[in-house]
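If you're matching them up, the sequences are chains S, L, A and B in order. Following my numbering, the numbering of the first sequence begins with 1 at its first residue and continues without gaps. Following my numbering, the numbering of the second sequence begins with 1001 at its first residue and continues without gaps. Following my numbering, the numbering of the third sequence begins with 2001 at its first residue and continues without gaps. Following my numbering, the numbering of the fourth sequence begins with 3001 at its first residue and continues without gaps.
A few of these clues could be false.
To be verified - Here are the simulated DSBU-like pairs of lysine-lysine, each with C-alpha atoms no more than 30 Å apart in a straight line:
#, chain 1, residue 1, chain 2, residue 2
1, S, K107, L, K1107
2, L, K1002, A, K2006
3, L, K1145, S, K129
4, S, K142, B, K3046
5, A, K2006, A, K2045
6, L, K1091, L, K1107
7, B, K3006, S, K21
Said to hold, decoys possible - Stretch-level coverage of chain S by chain L, calculated; a stretch enters the list once three of its residues show a Cβ under 8 Å from a Cβ in chain L:
#, stretch
8, 35-43
9, 55-66
10, 107-115
Claimed, not checked - Selected chain L positions facing chain A (in silico; Cβ < 10 Å):
#, residue
11, L1054
12, H1056
13, P1125
14, V1140
15, E1141
16, K1145
No lab work stands behind these hints: they were computed from the structure. The beta carbon of each residue, even a glycine, is placed where N, CA and C say it ideally should be.
Listed below are the residues making up each chain.
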Amino acid sequence: MKIVIDSTSFDPWRVLDDYQKNMSDLDGQYGATAVFIGTMRDFNEGDDVSEMFLEHYPGMTERHLENICLQATGEYQLIESLVVHRVGAIKPNDPIVLVAVWTAHRKQAFEACREIMEDLKSKAPFWKKEQIAGGEDRWVEKNTKGY
Amino acid sequence: MKIVIDSTSFDPWRVLDDYQKNMSDLDGQYGATAVFIGTMRDFNEGDDVSEMFLEHYPGMTERHLENICLQATGEYQLIESLVVHRVGAIKPNDPIVLVAVWTAHRKQAFEACREIMEDLKSKAPFWKKEQIAGGEDRWVEKNTKGY
Amino acid sequence: MSIHVKFFASMRDLMGDDRDIDAAVVEQQEISTVDDIWNYCAEGKKRSDNVLVAVNMDYVDGQTLVKEGDEVAFFPPVTGG
Amino acid sequence: MSIHVKFFASMRDLMGDDRDIDAAVVEQQEISTVDDIWNYCAEGKKRSDNVLVAVNMDYVDGQTLVKEGDEVAFFPPVTGG
Chain S
1 MKIVIDSTSF
11 DPWRVLDDYQ
21 KNMSDLDGQY
31 GATAVFIGTM
41 RDFNEGDDVS
51 EMFLEHYPGM
61 TERHLENICL
71 QATGEYQLIE
81 SLVVHRVGAI
91 KPNDPIVLVA
101 VWTAHRKQAF
111 EACREIMEDL
121 KSKAPFWKKE
131 QIAGGEDRWV
141 EKNTKGY
Chain L
1001 MKIVIDSTSF
1011 DPWRVLDDYQ
1021 KNMSDLDGQY
1031 GATAVFIGTM
1041 RDFNEGDDVS
1051 EMFLEHYPGM
1061 TERHLENICL
1071 QATGEYQLIE
1081 SLVVHRVGAI
1091 KPNDPIVLVA
1101 VWTAHRKQAF
1111 EACREIMEDL
1121 KSKAPFWKKE
1131 QIAGGEDRWV
1141 EKNTKGY
Chain A
2001 MSIHVKFFAS
2011 MRDLMGDDRD
2021 IDAAVVEQQE
2031 ISTVDDIWNY
2041 CAEGKKRSDN
2051 VLVAVNMDYV
2061 DGQTLVKEGD
2071 EVAFFPPVTG
2081 G
Chain B
3001 MSIHVKFFAS
3011 MRDLMGDDRD
3021 IDAAVVEQQE
3031 ISTVDDIWNY
3041 CAEGKKRSDN
3051 VLVAVNMDYV
3061 DGQTLVKEGD
3071 EVAFFPPVTG
3081 G
């Protein structure tokens, strides 16, 4: 299990490759890997968004993400899990969040990955402020529905 | 949309990296990527499995996977989708299947990825034959439940 | 022209290799459905309820009509992924 | 010892920067719950129903008791991911 709060851009496939290479003692045990990646789009609610700032609550954010993963590990028998989340200034097409889980079977992988994401979206202390093209900064007020 | 039937081992993270780099005209449009990877374990139903052979129905397999992705594209507004499936001789820890979808929002990504996998598992013409350590080859009779 | 019959995985172990049924045999034996094809090839072997059938690479059921030039495939439940 | 109060995102725009409430003030003003902290800091501003509160980085509600040394945070609904 690993939680990363990253203030610089990350390459999700490379992060996954590196993480899985360090899991080689688990080779042959996991049959399923589910991954979700959230990426910054260049529009939101009808406006062009040129940049975004992601604020978090240092300490509480890490602690909350750890708790989410610990709970999912018990509930879904996760073999491994990884969460990476960007903070700071973000440009369109930058990855914002990566959630990955490794399990024996696919049912657990699908369900755990989605549940971790939904918990993160609804409870992990992050806040987005958008820079609208030709407009003022605005705090994002709500997330899109996950179910 | 791309369907690949692969008779040699593939690196899922590299495949994803390459595929997404070729999607650069879609940068800024997709906000969600969901990925599932099925990997060969070294045990099944209590036995050690040293090797596996994956047979398919050339022509029908590709056609069926294309139909699954076309249907999911319409139902979930997929921006892009990719399915890679191994055939032939497979060793433990080899990736067997990769399903990836790109969408505007996460709900569609999670649901489409899982539905494509479930359809693939229940209808795409592939058959596994396991080589049991110290035993005979055996055809796998059924899959584990996905829901 | 003939009907091409294919067997996959454990179905091949049971039924043998792929085979063609000549047009003359199709006519003589009055082979018109998927079930007829099975009965012609099976030499009395029962077809399990879970056997899947495809004609020209589309799933069909046993009552589906077949014609010369068709490819008819019988196979066990799939186990990919 | 004092109580540390933090505001995040749009809550900071509304309430200003983080602040410490001195032990003497806590005693004098009889500040014992999260709601008391808000009322002391807010100068009459109403707290919206969707404002989240954490004490020492755990989510709590307004009736939660606070003590000197605690870190109390107020913030709007989260929008990460």
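Taking each numbered hint in turn, which are not upheld by the structure, reported in ascending numerical order? 3, 6, 7, 9, 16
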